[in-house]
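Engineer: Next come the chains, spelled out residue by residue.
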Amino acid sequence: MLVKYYRAKHIFPKKETGENVCVCVCVCVCVCVCVCVCVCVCVCVCVCVCVCVCVCERFTVNCIEAVKTVTLCRFLSSALLYQSTLLSRPLAVPHKYQEQSHLLTARIHASQALNAGPGSKAASLHWTAERALSILLLAMGPVAYCSPGPVIDYSLAAALTLHGHWGLGQVLTDYVHGEAKIKAANAGLFLLSTVTFAGLCYFNYNDVGICKAVALLWSK
Amino acid sequence: MALLLRTFVRQGVCLARPQCGVLYRHAAPMGTTAKEEMNKFWAKNTKLNRPMSPHVTIYKWSVPMVMSITHRGTGVGLSGAISAFALAAMVLPGGFPGYLDLIHSLSVGPFLIGLAKFGISFPVSYHTLNGIRHLYWDIGKGFKIPEVYRSGYTVIVLSVIASVALASL
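Those protein sequences? They're chains D and G, same order as listed.
Here the first sequence is numbered in the UniProt record's numbering, starting from 1 and rising by one per residue.
Here the second sequence is numbered in the UniProt record's numbering, starting from 1 and rising by one per residue.
None of these hints come from the bench; they were simulated from the model.
A few of these clues could be false.
[What the hints assert, rightly or not] Pairs of lysine-lysine residues, derived as DSS-like cross-links and limited to a Cα-Cα distance of at most 30 Å, are as follows:
{"no.": "1", "chain 1": "G", "residue 1": "117", "chain 2": "G", "residue 2": "35"}
{"no.": "2", "chain 1": "D", "residue 1": "121", "chain 2": "G", "residue 2": "40"}
{"no.": "3", "chain 1": "G", "residue 1": "141", "chain 2": "D", "residue 2": "181"}
{"no.": "4", "chain 1": "G", "residue 1": "35", "chain 2": "G", "residue 2": "47"}
{"no.": "5", "chain 1": "G", "residue 1": "141", "chain 2": "G", "residue 2": "60"}
{"no.": "6", "chain 1": "D", "residue 1": "183", "chain 2": "G", "residue 2": "47"}
{"no.": "7", "chain 1": "D", "residue 1": "121", "chain 2": "G", "residue 2": "35"}
{"no.": "8", "chain 1": "G", "residue 1": "44", "chain 2": "D", "residue 2": "183"}
{"no.": "9", "chain 1": "D", "residue 1": "121", "chain 2": "G", "residue 2": "117"}
{"no.": "10", "chain 1": "G", "residue 1": "144", "chain 2": "G", "residue 2": "60"}
{"no.": "11", "chain 1": "D", "residue 1": "181", "chain 2": "G", "residue 2": "47"}
{"no.": "12", "chain 1": "D", "residue 1": "183", "chain 2": "G", "residue 2": "60"}
{"no.": "13", "chain 1": "G", "residue 1": "44", "chain 2": "D", "residue 2": "181"}
{"no.": "14", "chain 1": "G", "residue 1": "60", "chain 2": "D", "residue 2": "121"}
{"no.": "15", "chain 1": "D", "residue 1": "181", "chain 2": "D", "residue 2": "121"}
{"no.": "16", "chain 1": "D", "residue 1": "183", "chain 2": "D", "residue 2": "121"}
{"no.": "17", "chain 1": "G", "residue 1": "117", "chain 2": "D", "residue 2": "212"}
{"no.": "18", "chain 1": "D", "residue 1": "183", "chain 2": "G", "residue 2": "35"}
{"no.": "19", "chain 1": "G", "residue 1": "40", "chain 2": "D", "residue 2": "181"}
{"no.": "20", "chain 1": "D", "residue 1": "220", "chain 2": "G", "residue 2": "117"}
{"no.": "21", "chain 1": "G", "residue 1": "141", "chain 2": "D", "residue 2": "121"}
[Stated by the list, open to error] Pulled a few chain D residues facing chain G out of the computed Cβ check, cut under 8 Å:
{"no.": "22", "residue": "136"}
{"no.": "23", "residue": "213"}
{"no.": "24", "residue": "217"}
[As the list claims (entries may be wrong)] Distance windows between CB atoms, simulated:
{"no.": "25", "chain 1": "G", "residue 1": "69", "chain 2": "D", "residue 2": "138", "range": "13 to 23 Å"}
{"no.": "26", "chain 1": "G", "residue 1": "35", "chain 2": "D", "residue 2": "145", "range": "40 to 50 Å"}
{"no.": "27", "chain 1": "G", "residue 1": "145", "chain 2": "D", "residue 2": "138", "range": "49 to 59 Å"}
From the three backbone atoms N, C-alpha and C, an ideal C-beta is built for every residue, glycine too.
The shape of chain G in the complex, shown without the other chains:
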């Protein structure tokens, strides 16, 4: 149906008088959705066996870029950790305190315990603070490049401080 409309419009445009040009200026037939267009792009390029143009390997790394992928990385990591925890809760026998006592009995030493706590609290605090930065963007503020860098550095510094504070609790 979409194709039909489009062919008719093209024919119409060829045959139309100048007076009806006004109507056609605004007639942009929405034949395909964004998703369909995206799928078409990928289908065509995989069919033609085109190699992907280099991107992460050649672009200069920038603070916003690194922060963005770290946000994604921490998110995926935390999600995986929660899923692993949930799976373990269902599969492993015994209760949570039992496993804690097991870790206690290993007597790992305060430094390593502190490190482990930092390893848990840093992703949480970074993802949370950068998430707030994302929400700030979502209300439409802070898009100017100096603002982006300023908020970025603030998030990094605050998350390090917060995770150290949490780890030493």
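Pulled out of the complex, with its shape left as it was, chain D reads as follows:
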């Protein structure tokens, strides 16, 4: 059916593959940075994990939505087209336009349900993830105070960086306008967050660690 093929094309818009390339480049760059500052493998793994978390939420959303929308599309379009052809039968001339418009309406209904699918679901999941991370970060505070150690140090590094990255991302979305400027700003933010995470992990590995550092700083 025509509707199915149209929808299938829309599920993976081009910009996602572009972002994917951008992310891969950033991962390679940050791996090189880590190697240059002589950090061990576990840090590179940490960085890659962090990057993948940000990216995968978009990909998992797209994959889930792709599967859902393709199946939903078949049901919707077949149901609506069936209904509309039944409705159009008793109507008088011009038959051709009536059927065409009914078919188009069915397509529009289908497309409305489907256009509402992938894009908005990704934004909604991102919103939920932001709040979940905020709550997680809140919980990490007392844990870091009561039982400091390397596990909480690295978790804090990851959570702080990601929370900051997403927060600054919202600030950029609010104040930066224009396709090219938005892309440049987001690329710069990604770089900053990668460097921040690498630096924090480096500090955790080669120096006293975040919890100990706060304790030392506060003791003076």
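Given chain D, work out where chain G should sit, using these hints.
Structural biologist: Chain G in isolation, oriented as in the chain D frame:
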């Protein structure tokens, strides 16, 4: 494709019999996304060189407004501080205790040290407490104006107390 659909719908509406009006009432073709609409808005207005209508310069400042921008300001500031710290950790030689001893040797005096500690702890506590207030809004509660003001004043008072407490630790 979206444009095509829209033109067809318009034509369909002109030619449709009253009976099919029911179907068209609910047919709102989603031709563009919200992002596209936003980009169109900005593109059109920058192209026409329109000046932006005054907003922060003319609106009356209110407690929720100030608290919101402070939340953003503290967030950006803290994020910047963390990034600067991470960058310094990678770039500067020596370890963290060394730099602490350096600051110690400056013998700044307890008042200034206390002030510095307050300067660090206030953004953290304010951002954290206002963040909790935001999460409270996110579950859908506390939107009535008196509630907004009440929770706002609570956050301000609690964050001052918390930061003073933390600074004196």
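Engineer: Taken at face value, is the distance from the CA of residue 181 of chain D to the CA of residue 40 of chain G at most 30 Å?
Structural biologist: Satisfied, since the Cα-Cα distance of roughly 15 Å is no more than 30 Å.
Engineer: Would the hint linking residue 121 of chain D and residue 40 of chain G be met if the CA-CA limit is 30 Å?
Structural biologist: It holds: about 22 Å lies between the C-alpha atoms, which stays within 30 Å.
Engineer: Holds or violated: residue 183 of chain D with residue 60 of chain G, Cα cutoff 30 Å?
Structural biologist: 34 Å, violated
Engineer: Between residue 183 of chain D and residue 47 of chain G, does the CA-CA distance stay at or below 30 Å?
Structural biologist: 20 Å, holds
Engineer: Between residue 44 of chain G and residue 183 of chain D, does the CA-CA distance stay at or below 30 Å?
Structural biologist: Roughly 19 Å separates the two Cα atoms, so the pair holds.
Engineer: Just to be careful, I want the Cα atoms of residue 183 of chain D and residue 35 of chain G compared with a cutoff of 30 Å; is the pair within it?
Structural biologist: Since the Cα atoms of residue 183 of chain D and residue 35 of chain G sit roughly 14 Å apart, the hinted pair holds (cutoff 30 Å).
Engineer: Given the hint that residue 181 of chain D pairs with residue 47 of chain G, test it: the Cα-Cα distance must not exceed 30 Å.
Structural biologist: Holds, because 16 Å separates the two Cα atoms, which is no more than 30 Å.
Engineer: Taking the Cβ atom of residue 145 of chain G and the Cβ atom of residue 138 of chain D, is their distance within the range 49 to 59 Å?
Structural biologist: 26 Å, violated
Engineer: With a cut-off of 30 Å on the C-alpha distance, tell me whether residue 117 of chain G and residue 212 of chain D pass.
Structural biologist: Holds. Residue 117 of chain G to residue 212 of chain D sits at ~16 Å (cutoff 30 Å).
Engineer: Next pair to validate is residue 141 of chain G with residue 60 of chain G; report whether the Cα-Cα distance is within 30 Å.
Structural biologist: Holds: residue 141 of chain G and residue 60 of chain G sit about 26 Å apart, inside 30 Å.
Engineer: When you check the alpha-carbon spacing of residue 121 of chain D and residue 35 of chain G, does it fall within 30 Å?
Structural biologist: 14 Å, holds
Engineer: Between residue 69 of chain G and residue 138 of chain D, does the beta-carbon spacing fit 13 to 23 Å?
Structural biologist: 22 Å, holds
In terms of the numbered hints stated before, the structure departs from hints 1, 3, 9, 12, 14, 22 and 27, listed from lowest to highest.
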